[in-house]
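One line per chain: the protein sequences are V and B, in this order. The first sequence lines up with residues 1 to 107 when you count with this note's numbering. The second sequence lines up with residues 1 to 107 when you count with this note's numbering.
These are computed hints drawn from the structure, not numbers from a lab. Remember, predicted model here, so these are calculated numbers, not experimental data. Mixed in with the good hints, there may be bad ones.
Remember, identical chains collapse to one label, so a pair may be satisfied in a single copy or spanning two.
Stated by the list, open to error - Derived lysine-lysine pairs resembling PhoX-like cross-links, with alpha carbons at most 20 angstroms apart:
id, residue 1, residue 2
1, K97, K67
2, K70, K55
3, K67, K104
2 protein chains.
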Amino acid sequence: MAKSLTPATIELVAQRFRAMGEPLRLRLLMSLQAGERTVTELVEEHQTSQANISKHLQVLTAVGLLKRRKQGLNVFYAIADPSIFNMCDMVCGSLKKHLDAQAKGLA
Amino acid sequence: MAKSLTPATIELVAQRFRAMGEPLRLRLLMSLQAGERTVTELVEEHQTSQANISKHLQVLTAVGLLKRRKQGLNVFYAIADPSIFNMCDMVCGSLKKHLDAQAKGLA
DNA sequence: AAACTATATCGCCATATAGTTATATGCCTT
DNA sequence: AAGGCATATAACTATATGGCGATATAGTTT
Chain V
1 MAKSLTPATI ELVAQRFRAM GEPLRLRLLM SLQAGERTVT ELVEEHQTSQ
51 ANISKHLQVL TAVGLLKRRK QGLNVFYAIA DPSIFNMCDM VCGSLKKHLD
101 AQAKGLA
Chain B
1 MAKSLTPATI ELVAQRFRAM GEPLRLRLLM SLQAGERTVT ELVEEHQTSQ
51 ANISKHLQVL TAVGLLKRRK QGLNVFYAIA DPSIFNMCDM VCGSLKKHLD
101 AQAKGLA
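Throw the hints in and build the complete structure from the sequences for me.
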């Protein structure tokens, strides 16, 4: 991490993390890992209202994690930068380490 | 990111991201990048109440990002897994890309 | 243009969370 | 054991956010 970031930059970074800090949003990202999807497809895949999906997609798009492509009636959403999945992998790895250590502590 | 994670695991991952999705918490992590610090030191460095710092440290510790070491009256906090800074770097990189693209879009 | 479809937005409620002040806890010193 | 220091917790307020149903908007079809 860079030495000193401006408060505004820190806020942007925090926003990104916050955007990824929601289970449903993580699931949406995972759905999109295989390729772009329309809102309807995502609604069908995750059982919640269309309004809710739409709002979460809006959040992810606003922070630059997703990109939108409109085609006729449909809107296709896609991952803007696949590197986010590396982040997920890192969290999973770190999480595993933590859980293992915790498990050992309980032994 | 692994193909299918259980809801519980997804929630854990989300928790981690959420923990990093707060400017003050990011600043605390940055402070600790150089090495362990006591609560008092962190309070002096970031201008907010001791109670607030303590609460944020508690959040970061709960999700396994920090570790605690008690020594006499003091409690030293330290980064539990330095790999989180790679994540910050990745976010910064991705962010930069996004902002550049956005800037170009406005040109 | 009227009806239809896909998506976005609005208004609402319930809950979560950052911050504050005040207080409690735990450890040390004398 | 009494007082003082460092940290944690409690009680509270203000704000943000997730979810819902209803509605608006934009594009398509007939």
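Against the structure, the hints come out as follows:
With identical chains, the CA atoms of K97 and K67 are at most 20 angstroms apart between copies only, with a shortest distance of 13 angstroms across copies and 33 angstroms within one. Only within a single protomer do K70 and K55 lie at most 20 angstroms apart by alpha-carbon distance; the minimum there is 16 angstroms, versus 44 angstroms between protomers. In this assembly of identical chains, K67 and K104 lie within 20 angstroms of each other by CA distance solely across copies; the values are 15 angstroms between and 43 angstroms within a copy.
Checked against the numbered hints given earlier, the structure satisfies every one of them.
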